[in-house]
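Quick note on the numbering used here: the sequence shown kicks off at 314 and runs consecutively.
It is possible that some hints are incorrect.
FRET-style restraints, in silico, Cβ to Cβ [stated by the list, open to error]:
{"#": "1", "residue 1": "Gly-457", "residue 2": "Val-382", "range": "16 to 26 Å"}
{"#": "2", "residue 1": "Lys-404", "residue 2": "Tyr-486", "range": "15 to 25 Å"}
{"#": "3", "residue 1": "Leu-489", "residue 2": "Gln-377", "range": "41 to 51 Å"}
{"#": "4", "residue 1": "Ile-378", "residue 2": "Thr-356", "range": "16 to 26 Å"}
{"#": "5", "residue 1": "Arg-482", "residue 2": "Tyr-450", "range": "24 to 34 Å"}
{"#": "6", "residue 1": "Tyr-450", "residue 2": "Thr-356", "range": "19 to 29 Å"}
{"#": "7", "residue 1": "Asp-434", "residue 2": "Ile-378", "range": "12 to 22 Å"}
{"#": "8", "residue 1": "Asp-398", "residue 2": "Pro-430", "range": "36 to 46 Å"}
{"#": "9", "residue 1": "Asp-427", "residue 2": "Asn-362", "range": "21 to 31 Å"}
{"#": "10", "residue 1": "Leu-489", "residue 2": "Pro-430", "range": "15 to 25 Å"}
{"#": "11", "residue 1": "Met-467", "residue 2": "Thr-381", "range": "32 to 42 Å"}
{"#": "12", "residue 1": "Glu-366", "residue 2": "Met-402", "range": "14 to 24 Å"}
Hint data in this document are derived by calculation from the structure and do not stem from the laboratory.
The model shown is predicted, which means the values in this text are computed figures rather than measured ones.
Even for Gly, the Cβ is constructed at its ideal location relative to N, Cα and C.
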Amino acid sequence: MQIREKPDLIFHPVRMRIIAAVSGQKMTAKDIAELLPDVPQTTLYRHLNILAESGIIEVAELNQIRGTVEKVYIMPQPPSLRPEDLRGMKKSDYERAFRIFLSSFIADMKRYLDTKPDTGDLNVLADGVEIDKGELYLSDGEFGAMNSNLQSLMLKAAKNKPASGRRRRVFSYLFLPVPDVRDGRDES
């Protein structure tokens with residue numbers, strides 16, 4: 314299977330998880346497999362190869378281990394979609410990408426909940442689970458500045474290495490311009 318379009322590279326359930334795992338650190342396939350134990354090994358290697366061939370991740374090192382070569386992967390920069398990557402996408406393409414994106418949230422939450430007992434005293438807030446939705450009124454300039462600040466914070470935090478007292482957390486955000494329901498007009 315040859316995938317050429319960047320949205321198709323990024324918006325795939327397994328590849329999204331690999332990208333999140335490799336973000337900000339060097340990892341071997343074994344390291345990634347430990348973080349994604351529900352992904353079969355052949356599937357993991359297939360998607361690692363797709364991401365490496367596309368340049369989303371790169372092989373940073375080759376380690377000789379008992380007659381085999383172990384690849385160490387890095388992500389040179391977080392993947393992002395540029396206007397040229399989105400050119401030609403139809404409404405149905407965006408809807409499909411969004412469904413995959415949302416399904417990754419559902420899968421992440423299920424994996425988290427699967428580690429918990431099914432009792433009535435489960436407190437997800439104590440674990441740091443945050444689910445929020447709100448509306449902001451921002452000019453394009455204010456929105457750009459806020460988004461830039463959020464990205465800077467995320468890129469800084471993505472450089473953190475695993476350590477005692479740190480726990481792996483998933484962070485995602487989504488901004489959508491919506492019509493102003495007060496008068497039915499879109500203010501954009």
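Against the structure, the hints:
no.	hint	result
1	Gly-457 x Val-382: 16 to 26 Å	violated (44 Å)
2	Lys-404 x Tyr-486: 15 to 25 Å	holds (22 Å)
3	Leu-489 x Gln-377: 41 to 51 Å	holds (49 Å)
4	Ile-378 x Thr-356: 16 to 26 Å	holds (22 Å)
5	Arg-482 x Tyr-450: 24 to 34 Å	holds (29 Å)
6	Tyr-450 x Thr-356: 19 to 29 Å	violated (44 Å)
7	Asp-434 x Ile-378: 12 to 22 Å	violated (45 Å)
8	Asp-398 x Pro-430: 36 to 46 Å	holds (43 Å)
9	Asp-427 x Asn-362: 21 to 31 Å	holds (28 Å)
10	Leu-489 x Pro-430: 15 to 25 Å	violated (36 Å)
11	Met-467 x Thr-381: 32 to 42 Å	holds (35 Å)
12	Glu-366 x Met-402: 14 to 24 Å	holds (22 Å)
Hint compliance for this structure: hints 1, 6, 7, 10 are broken, all remaining hints hold.
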